[in-house]
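K.L.:
As they're listed, the protein sequences go chains A and B.
Okay, so the first sequence: first residue is 1 according to this note's numbering, each after it adds one.
Okay, so the second sequence: first residue is 1 according to this note's numbering, each after it adds one.
Don't read these hints as lab results, they were simulated from the structure.
The reader is advised that the hints may include incorrect statements.
Said to hold, decoys possible - Only part of the chain A face toward chain B is listed, based on derived beta-carbon distances under 7 Å: (1) Leu12; (2) Ala19; (3) Glu49; (4) Asn82; (5) Leu85; (6) Leu183; (7) Ile184; (8) Val187; (9) Leu190.
Said to hold, decoys possible - List time: in silico DMTMM-like cross-link candidates among lysine to aspartate or glutamate, alpha-carbon distance up to 25 Å: (10) Lys50/B / Glu49/A; (11) Lys50/B / Asp9/A; (12) Lys50/B / Asp104/A.
Nothing here was measured: the structure is a model prediction, and the numbers come from that model.
No residue lacks a Cβ here, since even glycine has one placed at the ideal position from N, Cα and C.
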Amino acid sequence: MDSAPASDDVYLRPSVQTAVKLLIVGHFAVGKTTFVGTLSEIRPLRTEEVMTEAGALVDDLAGMRDKTTTTVALDFGRLTLNDRLVLYLFGTPGQQRFTRLWQDMTQGALGALVLADTRRLSQSFEVMGVLEEHGLPYAVALNQFPGAAGHQLDEVREALDLLPETPLVRCDARDRVSSTRALISLVEYLLNRTGHLEHA
Amino acid sequence: MTSRRRPADRLVRSYVVTDGRAHPTRNTLDLVTLLIATDDLPLTGLNPEKRRLMELCRPGALSVAEVAGHLSLPVGVAKVLIADLMDSGHIVTRAPIPAARPTDARILQEVLDGLRARL
Chain A
1 MDSAPASDDV
11 YLRPSVQTAV
21 KLLIVGHFAV
31 GKTTFVGTLS
41 EIRPLRTEEV
51 MTEAGALVDD
61 LAGMRDKTTT
71 TVALDFGRLT
81 LNDRLVLYLF
91 GTPGQQRFTR
101 LWQDMTQGAL
111 GALVLADTRR
121 LSQSFEVMGV
131 LEEHGLPYAV
141 ALNQFPGAAG
151 HQLDEVREAL
161 DLLPETPLVR
171 CDARDRVSST
181 RALISLVEYL
191 LNRTGHLEHA
Chain B
1 MTSRRRPADR
11 LVRSYVVTDG
21 RAHPTRNTLD
31 LVTLLIATDD
41 LPLTGLNPEK
51 RRLMELCRPG
61 ALSVAEVAGH
71 LSLPVGVAKV
81 LIADLMDSGH
91 IVTRAPIPAA
101 RPTDARILQE
111 VLDGLRARL
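Chain B on its own, in the form it takes in the complex (with noise of 0.2 Å):
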């Protein structure tokens, strides 16, 4: 569905949110890339929305594009906090990068199966 609808809560503009830069400082995130929180490294130093990131991710793992979602941010502005995020060491991923090959016939069978369990 397409909307115009801009969130209410997103006071401070995106390129602030970046230090103005528009592409994260890594290419690799999906927006279905799995992201963990390590817990051993302090948040002070973290500006507001990385340290938000950080309190959402800690309880559990989330998807790239989940974690947009929770904190009203476009994916692209997400994306450049995750990979600041995974530079400094407080973000690592799960999934090896990319998850799955779209060929990888045993996926596609493991998502079938998946599937057909829930009917």
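Extracted from the complex, chain A is given alone in its bound form (with noise of 0.2 Å):
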């Protein structure tokens, strides 16, 4: 079994007071791990839920009593942004069929940076609708992987049907800077929302 990790930057300073969660969504294999990882100053951390997969078997009148279930691992890092406050990265997969951790995802959360793949743009229209079935806002960062064609933003953001406001930047999820751009355009256009956006 685990023992209580040895290293003093596992926790938090003490003087931490607030935490937030920006999630950070994208179908498979979109490079959400990374991207938690590149960011986060502890090691990241799996999670594991094990779902009852919505409208599974509703149709059998048999009486079986034995429903789908999947787990659904979810991979989270933490930022402290200040003496006071902290933030939480959480990589969600983005299948619209569980519900209940999506209601406990988008709780409290800030907003979400969806991750997307210029080669597979089709798998993240259910990602953003689960995002605006919950009424949480994003932006989304085109993930640059070796080999994609380097489409250009306002192609993208047409075959993606975004709406003029929402964001949508390049990143690079292996690389810390990137990520970060990727972030602050998130936060810039979460902050805009509430019209107090101080501009830097």
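Got two chains here, separate frames each, mind docking them using the hints?
P.N.:
Put into structure tokens, the structure is as follows:
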């Protein structure tokens, strides 16, 4: 069994008072775990939830008890932003059917960064649909994969049918500065929505 | 990332750890609720999972999600244990619940400043 971690920086600074969370969402293998790992100050952690899939066997009249269950993994990391404030990033799978998970994840979240892959743009629709359903504002970051064609952002915006105000940026999930910039685009957008953006 | 990996060290079924309960005794625990262990209550009488949780939390503050991750417990199970330990006075939460309202411009500005400072 795991024993208590030895390293001191596993724990939060004693002065931290507030914790906030952002979701990093996207389809399978789009780079969520990489993105979280690049930015986290702690070794990224993983928790698992056993989900009963919504709608599974709803038309079964034989009274069978065994529902379909799936294990969903959440990867998450932490960034201490100042002495009082810590930010958690949760890499969250995008499947719509995990309704209860989405309720847990979106509750209290500031917003979401959708990671997208230009080779598989259509797979991002389900994720964006779930976020819209839960009323969670989001920005989209194109994770740059080697060998992917360099699409123009306005072509991608059109293909994804984004609202004009939804930020769309490129990022490299392996790169700390690039990933930080993607988060900054998201948070600027969130702040702009409140009408309080101070330009830096 | 989605995976079907099951932690090899989880020998006890979740419902045994929680005495068969699927829901915590309180509904205020978020993934990022910050937990502090009180150090003046004895751990006698706690089951092994709660004892591990207390031992994990005693050196410093951690979020609900981190506690679940370090103990290789599903978040739902960790919440049941944490709520029990709050009821018994072993654990207190630091941040007001919920920690921040998403519409709070001051919090967003602080997040933005903190991220910009990392560039």
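K.L.:
If a hint holds in the structure, say so; if it doesn't, say that too.
P.N.:
Outcome of the hint check:
1. Interface hint at Leu12/A: satisfied, since its Cβ lies 4 Å from the closest Cβ of chain B, which is below the 7 Å cut-off.
2. Look at Ala19/A: its Cβ gets to within about 4 Å of chain B, closer than 7 Å, so that hint holds up.
3. A hinted interface residue such as Glu49/A counts as satisfied when its beta carbon comes closer than 7 Å to some beta carbon of chain B; here the least separation is about 5 Å, so the hint holds.
4. The beta carbon of Asn82/A is positioned within 7 Å of a beta carbon in chain B (closest approach about 5 Å), and the interface hint is therefore held.
5. The beta carbon of Leu85/A comes within 5 Å of a beta carbon in chain B, closer than 7 Å, and the hint placing it at the interface holds.
6. The closest approach between the C-beta of Leu183/A and any C-beta of chain B is roughly 6 Å, which is under the 7 Å cut-off, so the hint is satisfied.
7. Interface restraint check: Ile184/A against chain B, minimum CB-CB distance 5 Å, threshold 7 Å, status holds.
8. At its closest, the beta carbon of Val187/A sits 5 Å from a beta carbon of chain B; the interface hint therefore holds under the 7 Å criterion.
9. With a cut of 7 Å, the hint placing Leu190/A at the interface with chain B holds, because the nearest CB-to-CB distance is about 5 Å.
10. Between Lys50/B and Glu49/A, the direct Cα distance comes to roughly 19 Å. Compliance with the 25 Å bound is thereby established for this hinted pair.
11. Straight-line distance between C-alpha atoms of Lys50/B and Asp9/A comes to about 23 Å, which keeps the hinted pair within the 25 Å bound.
12. For the given pair, Lys50/B sits about 23 Å from Asp104/A by alpha-carbon distance, which is consistent with the 25 Å threshold.
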